[in-house]
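Engineer: Using the sequences plus the hints, can you model the full thing?
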Amino acid sequence: MKIGVFVCHCGTNISATVDVEEAAAAIGKLQNVKLSVTYRYMCSAPGQELIKKAVREESLDRIVIASCSPALHEKTFRKCAEEAGINPYLIEIANIREHCSWVHKEKKEATRKAIELVKIAVAKVARNKPLKKTYVPIEKKVLIIGGGISGVQSAIDISFAKYPAVIVEREPSIGGKMAQFDKTFPTLDCAACILTPKMVTVSQNKYVTIHTYSEIESVTGHVGDFTVKIRKKARSVDLDKCTGCGACFAKCPVKVDSEFDMRLGKRKAIYVPFPQAVPNVPVIDREHCLWFQKQTCGACKKICPFGAINYEMPDEIIEEKFGAIIVATGFTQFDHSVYGEYGYGKYKDVITGLHFERMANSSGPTGGRIIRPSDGKEAQDVVFIQCVGSRDEQKGVPYCSRVCCMYTAKHALLLKEHNKDAQAYVFYIDIRAAGKNYEEFVKKVQDEYGAIYLRGRVSRIFEKKGKLIVRGADTLSGSQIEIKADLVVLATGLIAQGDAVELAQMLHIPYDQNKLFTEAHPKLAPAETITSGIFLTGACQSPKDIPDTVATASAASVKALGLLIQGELEREPLIAKVNTDLCSGCKACVIACPFRAIEMKEIEDKKLKRKRNAAQVIEGVCTGCGNCTAVCRMAAIDLEGFSDKQIMGEIEAL
Amino acid sequence: MRYAYYPGCSLHSTAKEYDLSAKEVARSLGIELMEIPDWICCGATPAHITMNLLSIALPVKNLLKAKSMGSYEVVACCAACFNRLKVANAFMETRDEDRRKVEDIVGEPYRGEVKVRHFLDVLANQFGLKNLKEKVARQLTGLKVACYYGCLLTRPKDITGFDDLEEPHLMDDMMKAIGVEPVNWPYKTECCGASFSLSRTDIVLRLSRDILQMASDEGAQAIVVACPLCQSNLDLRQGMVNKKYNTNFNIPILYFTQVLGLALGIEAKKLGFEKHIVSPLSLLKECSRRLNVGYIPTKREP
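Going down the list, the sequences are from chains A and B.
The first sequence begins at 1 in the numbering used here and counts up by one.
The second sequence begins at 1001 in the numbering used here and counts up by one.
These aren't lab readings, by the way, just hints derived from the structure by calculation.
Note that this is a predicted model, so its numbers are computed, not measured.
Idealized CB from N, CA, C, for every residue including glycine.
Mixed in with the good hints there might be a few duds.
[To be verified] Label pairs and their calculated CB-CB ranges: (1) A:N514 with B:P1156: 34 to 42 Å; (2) B:E1134 with A:S337: 32 to 40 Å; (3) A:S337 with B:E1286: 39 to 47 Å; (4) B:K1176 with A:D499: 36 to 44 Å; (5) B:D1098 with A:R263: 45 to 53 Å; (6) A:S459 with B:L1053: 26 to 34 Å; (7) A:K105 with B:E1108: 51 to 59 Å; (8) A:K443 with B:K1244: 39 to 47 Å; (9) B:S1282 with A:K294: 57 to 65 Å; (10) B:K1176 with A:S337: 16 to 24 Å; (11) A:D474 with B:N1052: 42 to 50 Å; (12) A:M634 with B:E1108: 51 to 59 Å.
Structural biologist: Structural data, given as C-alpha cells:
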C-alpha cells in the first residue's frame, strides 16, 4: 500500500495557523505513507497536476488531501484521482481548515491537531475499498401536481423538450388562483388575458395530459420510478361527448354560491367555474344537484343533445408511472375569522383581496362594480388593511406573505379606476415592494391615485348606521384615527393548503412549521426537495408572486428534465449495504429509514434451507445517511465508504 | 354548590350593591358563598406597578386563606380581583424559579392549586343558563340593556379564559336567558379609563362619554356591568360627563347580579338599587308598573 498525502496551504488560510511543513514531515513518517508534500493551492490546476504526477512517479494507490471541507472540493479531488488512474473512492479529505486553522489561534496546538486529523484520514483510507457508481433506469414522464399558473408553466416547459407531462388538478378547471385575479401588478395586464393563452397551449399540447377534478390517491416508488394512483372524481359529464355548448347549465334550476366568485355570485349545480375554463366541460356538484339529492329534475340530461350527462359515472382510479414529480399545489387564503377586532368574519362588508379581485373583474359577479355586499351600493370610502394573518405570531403565521403590499396597492388603484370619486385608505406595517418596478408602482398609487397610506394597525371595526367604523392608529402622526368606511378589504396572507401535510407525507418530502414544503437548500437548491426526483414550484414552497412562480416553475422543469434526459440515473455508491447472512429481518432499519429506501425481500437461506425475509436497500433511493446502520442490532448493514471497519480504524488512529 | 367568596375592597365599600345582589342571587339559587375570613387586598393596580412579587404574593396570601377553608373554589365578583387572583395562579403554576421567592414571602408552598372563577362564569357555565331560565320568577320583557365587559374580565385570554376576548357574550347570553334584551353594540370591551379616574379624570370623562353615547345610540335603557371600577366611572362620572360635553345622559349602570336578582323575583330593596348615583329608580318604577317588580325604595338610605 502506497499512500500519498498532500497538505494544502490554502494561501494563508491554513498555513498562517498550521505549520504545514512540519505537519507534512510528521505525516511522512507514518506507516504506508510513501509521500507527504505541501502546496499553496492543492485545488488549483497545478496543484492537481502535482497530485497526478506524484501518483505516476511514486505509483501511489491511495490519496489523502489535507485541505478544506470535503463539502467543497471532494468532487474535485475524486475526479483528479480518477484521471490519475486511481479509483475515486480511494481518497480521503482531512479537513484542516474549517475544523482546525479557522477555529484555532495557537499555531503549535493547531499543527498538532492538523497532524492528528491527517492521521485519522490515513487510517481510514487504508481501509477504503474501490467503489463503483450505480445506475438506475428512469421512467421518462413527469407528474405535475396542481394546475395553477406554476403547474401550467411547468407542463409547457417540459413539453418543449418533447417529454410527456401529466397535470393533476383537483378543481374542475386548470388555472388556479390566477384565473380569479382581475389585473396583475405592476403592469396591470388582465390576468385572464395572459393566463388563458397558456391554459389553451397546454390543453392542445400533445405531450401534456390534463386530469382535472382529480386527486392524488397514493405515491410509491422512488426517483426514476414513481407509481402514482390518481382518483378521477366522477364529473358526471362525459369529457369526450360534451362540446361545451352550455345548454345544461342554462337549464339547471339550482343556484349555488359560486366558489370561483368567492360566493359573491351564483353558479348552477351543473357548471363550469368560469367562461375560459379548461376543459370547457361542466361538472355536476352532486351535493346540490336535485337528481343526486332527490332523484328529481334530470333537466340537464334531457336537454343535452350529445348524451354527455351520465349520472351513474363512478370515480375512476388510474395508475401511472413517472420518473419525476413537480409539486405545484399553490396556496390558500388565510381565514380572517380568527380576528375578533375585524368582526370574526361576520360583517358582510369586510371582504378579502380575492373578493375584491372578483368584484373588480368585468365578467365577475358585480360586472366590475366595487360594491358593498350587504346592500349592493357602490363603495366610496374603502379601507384596506394589510398583514392580516401574515406577520402575526399569535393568530396567524410569522412570515410575510410578500404579495399583499403589491396587490393592495393595485386594489387601491383599481378602486379609483372603477369609481373616480372613491377614496382608498391603506393601513400598513411596512411597505414591502421589492421587485422590478414595484416600488414605483406603489409610489404611483400614492401620488397619482391619491391613496392615503396610514402606518399602523386597525384595532377595531364595527358597524354603525350602515357604515363600518374603522379605528386604528397612525403611528407616524401618533394619533388615533377613525374612518367611516363603506367597505373594508383585508389583505389576507398566503398559507399552505389545508391538506399540504397529507401530501408531504405521501411524497415523503419535508415541510416546515407553517406546513410549507421545504426546499433542499434555501439558497442553492430552492426548486428541489431532499427526496430525489421531487421538485417544488410556486407558493407551496413559500408565498410567491406570479413572476417568481413562473420562474420557479421553469426551474423545477429544468431540474426534472435534467433527470429525464439521462439514459440512466447515476447514483453515488456511498449507500447502505445489507449482509443478508446476518440480517434477522427485524425491520428496525425499514422504520429508521427517512427515505423509504429499505424494503423486505424474501431470500433463500442456504444454511437453514428455507425462505426467510431480509432487508434490501433500494440503490436508487438510498442517500447514505447512515440511520439504518446505527439502528441495526445485528450489525448487518454497513455504509459503503463509512464502514464500521473504517470508522474503527479512525478511532484507533487517534 | 359551595364556594369560597372573595369580595375585595370595592364590594365592601363603593360596590356594596354588587356584594348584596351577588349574595342574594347566590342564596336564591342555592349557591353557598363562604366569605374568606380575614381576607386582604388583592394588590389591584398599585401592587403590580410597584413590584411584581408583591402583586403575586398578595393574591396568593388570599388563596392560601381559601385553601385553609377546605377544598373550595374561590369566587370573585370584582373583575380586577378576579384578574389578579388568576394571574397569581398562572404565575405560581408556571414560573418555577420565581415561585420560590413568593413562597418565601407568604411562608407556605403554593402551586396554584386553588381554582378561581368569576361569579359570571359560575352562573353562566357552572349553574347553567338553562337552569337560570327555569328559575325566572319575574318577566323583565321590554328592558333593553347594553352589556359592558370592560378590560379585565376577559384579558389576557390565556389567563382568564372563560369568555371571548374580542366579543364577550356571557352577560348578553344571561340577559337573553332571563328575558332581558341585550342591545348589539360594539363597545363591549372599550376602555372606561379605569384607575385614571382620580389622576386623569379628563381621560375617563372622554372615554366614558364615548361608551355612554354608544349605549344610548343603540337604545339601551341601562348598562349592565361586572366590574366595580367600570360601574364607578360610568355612574359616578356621568354627571360630570353631561356637564363637560353638554349631554343629557341618564343611564343607570347596573351590576348583572342586580338585574338577575330582579328576574329571580328577589325584592328590589334587597338589591341595593338606592346606592347608585344615576338613580335606576325611575327606570325600575316604569318597569314595576309594567312588570310588578315590587317594592321600590323611593329615597336613598343614608
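Engineer: Looking at the structure, which of the earlier hints fail to hold?
Structural biologist: 1 and 11
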